[in-house]
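Throw the hints in and build the complete structure from the sequences for me.
According to the working numbering, the sequence shown is numbered sequentially starting from 1.
Don't read these hints as lab results, they were simulated from the structure. Note that CB positions come from ideal geometry on N, CA and C, so glycine has one too. Certain hints may be false.
Said to hold, decoys possible - Label-pair ranges, simulated between beta-carbon atoms:
1) Arg33 - Gly187: 49 to 59 Å
2) Thr275 - Pro168: 41 to 51 Å
3) Arg202 - Gly223: 20 to 30 Å
4) Gly36 - Pro168: 31 to 41 Å
5) Pro168 - Gly49: 36 to 46 Å
6) Arg117 - Gln78: 35 to 45 Å
7) Gly187 - Ser48: 34 to 44 Å
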Amino acid sequence: MRRLFPVTDETAARDSGGGPDTAGRAGAEGADREWGLEELAAAYAYPSGSGPAGPEPWLRANMVSTLDGAAQHDGRSQPISSAADMRIFGTLRALADAVVVGAETVRQEGYRPARAREDFAALREAAGQGPAPAIAVVSASLDLDFSLPLFTSPLVPTLVLTGAAAAPDRIAAAEKAGAQVVIAGDGMGVDPARAVRALADRGLYRLLTEGGPRLLGQLVAAGVLDELCLTVSPMLTAGDAQRIAGGPPVAVPRRFELTSLLEEAGFLFSRYRRT
1 MRRLFPVTDE TAARDSGGGP DTAGRAGAEG ADREWGLEEL AAAYAYPSGS GPAGPEPWLR
61 ANMVSTLDGA AQHDGRSQPI SSAADMRIFG TLRALADAVV VGAETVRQEG YRPARAREDF
121 AALREAAGQG PAPAIAVVSA SLDLDFSLPL FTSPLVPTLV LTGAAAAPDR IAAAEKAGAQ
181 VVIAGDGMGV DPARAVRALA DRGLYRLLTE GGPRLLGQLV AAGVLDELCL TVSPMLTAGD
241 AQRIAGGPPV AVPRRFELTS LLEEAGFLFS RYRRT
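Okay, structure coming up:
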C-alpha cells in the first residue's frame, strides 16, 4: 500500500525508500508494501472531538464501488472487494463505537456480531471504548430474523433503530432476543438526525455506516454524513447493480473534499470529508 495524497516530504522520502535527495518526489513513486494495523488506524483516526474528550458525533461511511459505479455484484459487496479493502474494513470497525447498518444489508450480507480484535484492544481501551463496536440496525418494519447470532449472542448488545409506530410485537421480539430497541422517529421510519443523536446520547460518538445504498442515501439527504471512505475497485461489472447511495436526489449536491488517498494492487482507498 502507498499513500498518494496528501504527500509530504516525510511520506515521499519513506515511500520512495530514499534519503534527503528523494524527499521532494511524489509518494506515488514508492514501492508497495503492506501497512500494519497501527498505520491504518492512524490513517483513519477519527477527528479529535468525536469521542469522550470532545463529545460530538462523527458519522463516516465505508463503501466500495467498481469503476462503472456498481456497489454490489450478485447482491453482495464481497466480490468487488480485496484483501486490502477488508483490512481497512476491519480497521474502521475497530475504531468505531457503533456500526450503523440497514436491515436489507443485514439480510443480504449475513451480518454477524462485531468481534473483539486483540490487535486493537489497547487502542480501544485508551480511547475509552468497549471490546467491540455495537451493531445498530436501522429498520422500519423490524422484519428481521431475531434468532440470528447478531441478536442473540453479540459481545455488545445489538441496537435496533426504528420509529415510534413500529409494530409492538416486533419490538417485543427484538427485546426478547436481547436487542436494545431505540426509537428514533415519530412514524414507521427512522429520522437520520435523531438516530445519530440517539446513539450519541448512549455515548456512541464515533459512528460508522456500511450502508447499504438505501440507508446511505437517506443519511446523505438528511445532511448527517460527515465522511465517506470509498474504495474504488478496478473492476467493471455492467448490469444494473445499485450505486453506493440510492433514493431521491438532494436539491443541491453535497460538497466533500478529498483528505486522503491510498492505493494497493490497483484499488484506490479514498477518504472525503464534508466541507
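Quick rundown of the hints versus the structure:
At roughly 51 Å, the beta carbons of Arg33 and Gly187 sit within the given window of 49 to 59 Å. For Thr275 and Pro168, the Cβ-Cβ distance of about 43 Å falls inside the hinted range of 41 to 51 Å, so the restraint holds. Separation of Arg202 from Gly223 is about 22 Å and conforms to the stated range, judged on CB atoms against 20 to 30 Å. A hinted range of 31 to 41 Å is violated for the C-beta pair Gly36 and Pro168, which are about 49 Å apart.
Hint check: Pro168 to Gly49, Cβ distance near 39 Å, so the stated range 36 to 46 Å holds. The supplied range of 35 to 45 Å is broken by Arg117 and Gln78, whose beta-carbon atoms lie about 19 Å from each other. Between Gly187 and Ser48 the CB atoms are about 36 Å apart, so this pair conforms to the stated range of 34 to 44 Å.
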